[in-house]
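What follows is each chain in one-letter form.
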Amino acid sequence: MAIVATTPSIEILPKQANPLWQFVKSQPLGVAGFLIILVYVVCALGARWIAPYDPEAIDFGAMLARPGEAHYFGTDQYGRDVFSRIVYGARTALAVGILSALFGCTIGALVGAASGYFGGRIDNAIQRVVDVLLSFPIIVLAMVVVAVLGKRSAFGVDWNLIAAIALPMIPKMARVARSSTLSIVAMPFIDAARAAGFSHTRIILRHIVPNIVAPYLIMVTAFMAQAILLEASLSFLGLGVTEPTPAWGLMLSGTSADFYQSAPWMILFPGMAITLAVFAFNLFGDSLRDWLDPKLKS
Amino acid sequence: MLWYVIRRLLLVIPTLAGVAVAVFFLIRVMPGDVVVVKLRADGADVSEETIRAERKRLGLDKPLYVQFSDYMVGLAHLDLGKSLWTGDSVNKEIAIRVPVSFQIAVMASIIAVLIAIPLGTVSALYRDTWIDHSVRVLAVSGLAIPSFWLGMLIILMLLMMFNWLPKIGYVSIFEDPIANLSVTIWPAVSVGYRYAAVATRMMRSALLEVMREDYIRTARAKGVWMRLIMRRHALRNALLPVVTVIGLEFAFLIGGLVVTEQVFNINGIGKLFVDATTRGDFNLIQGLVLFIATMFIFVNLIVDLLYAWLDPRIRLS
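Top to bottom, those sequences are chains E and P. Quick note: the first sequence uses our numbering, first residue 1, plus one each step. Quick note: the second sequence uses our numbering, first residue 299, plus one each step.
None of these hints come from the bench; they were simulated from the model. Even glycine gets a Cβ: it sits at the ideal position worked out from N, Cα and C. There could be a bad hint or two in this list.
Derived Cβ-Cβ restraints for the label pairs, each shown as a range [as the list claims (entries may be wrong)]:
no. : chain 1 : residue 1 : chain 2 : residue 2 : range
1   : P       : R510      : E       : L35       : 32 to 42 Å
2   : E       : L20       : P       : W462      : 45 to 55 Å
3   : P       : R518      : E       : K25       : 29 to 39 Å
4   : E       : T242      : P       : T384      : 18 to 28 Å
5   : P       : W462      : E       : R66       : 19 to 29 Å
6   : E       : E243      : P       : N461      : 24 to 34 Å
7   : E       : Q77       : P       : D474      : 34 to 44 Å
8   : E       : G119      : P       : P397      : 38 to 48 Å
9   : P       : T348      : E       : P244      : 25 to 35 Å
10  : E       : L20       : P       : D426      : 21 to 31 Å
11  : E       : G46       : P       : V435      : 22 to 32 Å
12  : E       : F118      : P       : L308      : 24 to 34 Å
13  : E       : F118      : P       : L454      : 48 to 58 Å
From just these sequences and the hints, can you work out the full model?
Here's what the structure looks like:
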């Protein structure tokens, strides 16, 4: 009996809805984007089981085969299965996209937080560098880095390519992180932390960084879309991933242009893979922004 | 307004100087060595001796401060050095390729504005109807489609429908406008689509915001014709953010051009940059990056000035 009597008093408290469920209910498009991303992730992780052929296997008996039972998306001029190459290409796209967005945004967030926290001359110096870096179009900066650094592969990923894509994102993230930091530094709890004698590092990492997680997450998803696009563009130009590694941009590059009429599927499917991936990340990113930052909702 | 222009112009100088310094350091100080990358590009085994000789030939063995002062003195004379590949001056290499890229960039911007303003307006006016939804889907997909792939789709379409390919080779628009346009229109459309998409989104949300303003309600309460309200009050104010987008998106326009020129085999700035990068011609890279960044800074300056001219609140603050 006692248990029954206490139950109503708990009911009075406003019911805390599950934040995940809230997101699902308020952002159906974001969920759609997330599901598409999930499909890509599954393709990347399970490529070995999903892809019916070895993506690098050359089969001169099946050159430029039409899409059909044997090859869902047809084959290219070397008889390689386009579908398998797209499935494996998800690995390259996601690895480069996710890693470069994470690196670029994390460094940018720390630089921006430090800039906003210290203020004065340090802030001024950092902001001038950011200004200068922002006056280069993203792809230009990335191409310079590729030209100077060359290639360096480890664990199947070209780390210099990741650096090239991450670098242009640093100043953009730093800008955003700095402006969020400025409003946080004015809060009393930062004064309290200073008065308690905490080190600068501790204040930045423990008190400021957790408070700029929302803009960080928004930027990371937005940059993943851009990074995938940038990797595809660089690979297309022959400055990114190199043959025979399957990558969407690379599949569209070079010789494939000779096959417009004889094998249009070589052009259609890889481009669709890029577009859908960028679309999904954009969709998810937009919803995340609307959800995390109601002020931006229009 | 004059003071505003002068103030903005003065602010450009330190940024340009910073860009010049940044380009120098990006190429010479980053871990990595242009010469090694260039000579050992295909895994070729090149002796230390050859690398040292090449470095000497390019003047990369001199102390950094000497290189820096040479570079700065050259810049002061607007001299970007010589291309390592062709031996021609970088200025000349860039100058012969500017017209075609410039023309495509301008055409892409015009296409973008012509598409964005009516579509954005219609989308805002018929908010949450099927017209609005389809415009928005079109706009969101514009952000996702890589411009070079769109270019390939256009070529594919031209081939399938008309069995016709745009000619290779650029003729000045003053010599033969039709031949010129039949080459340049396709890359302009592929690059302009993204531009149009961003501007449409901006136009829609700006117009929706303006329509909520008090002065619009007052005008409607007075019984002013809806068409007149749109023309006199709403569209004028909504155009401001669209102008900004055009400046911000210029970077993407350049990026799109770099890749799309490759698809249509157009010998412009973008193709030159790609060639320079694959050949490790760092003098040319340096010159091109400086050139592109300078263009970018000036376009943003012009947009800022345009913005101030359109909106008195900005130049007076």
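The hints, checked one at a time:
| no. | hint | verdict |
| --- | --- | --- |
| 1 | P:R510 <-> E:L35: 32 to 42 Å | holds, 34 Å |
| 2 | E:L20 <-> P:W462: 45 to 55 Å | holds, 53 Å |
| 3 | P:R518 <-> E:K25: 29 to 39 Å | holds, 35 Å |
| 4 | E:T242 <-> P:T384: 18 to 28 Å | holds, 26 Å |
| 5 | P:W462 <-> E:R66: 19 to 29 Å | holds, 24 Å |
| 6 | E:E243 <-> P:N461: 24 to 34 Å | holds, 31 Å |
| 7 | E:Q77 <-> P:D474: 34 to 44 Å | holds, 36 Å |
| 8 | E:G119 <-> P:P397: 38 to 48 Å | holds, 47 Å |
| 9 | P:T348 <-> E:P244: 25 to 35 Å | holds, 29 Å |
| 10 | E:L20 <-> P:D426: 21 to 31 Å | holds, 27 Å |
| 11 | E:G46 <-> P:V435: 22 to 32 Å | holds, 30 Å |
| 12 | E:F118 <-> P:L308: 24 to 34 Å | holds, 27 Å |
| 13 | E:F118 <-> P:L454: 48 to 58 Å | holds, 54 Å |
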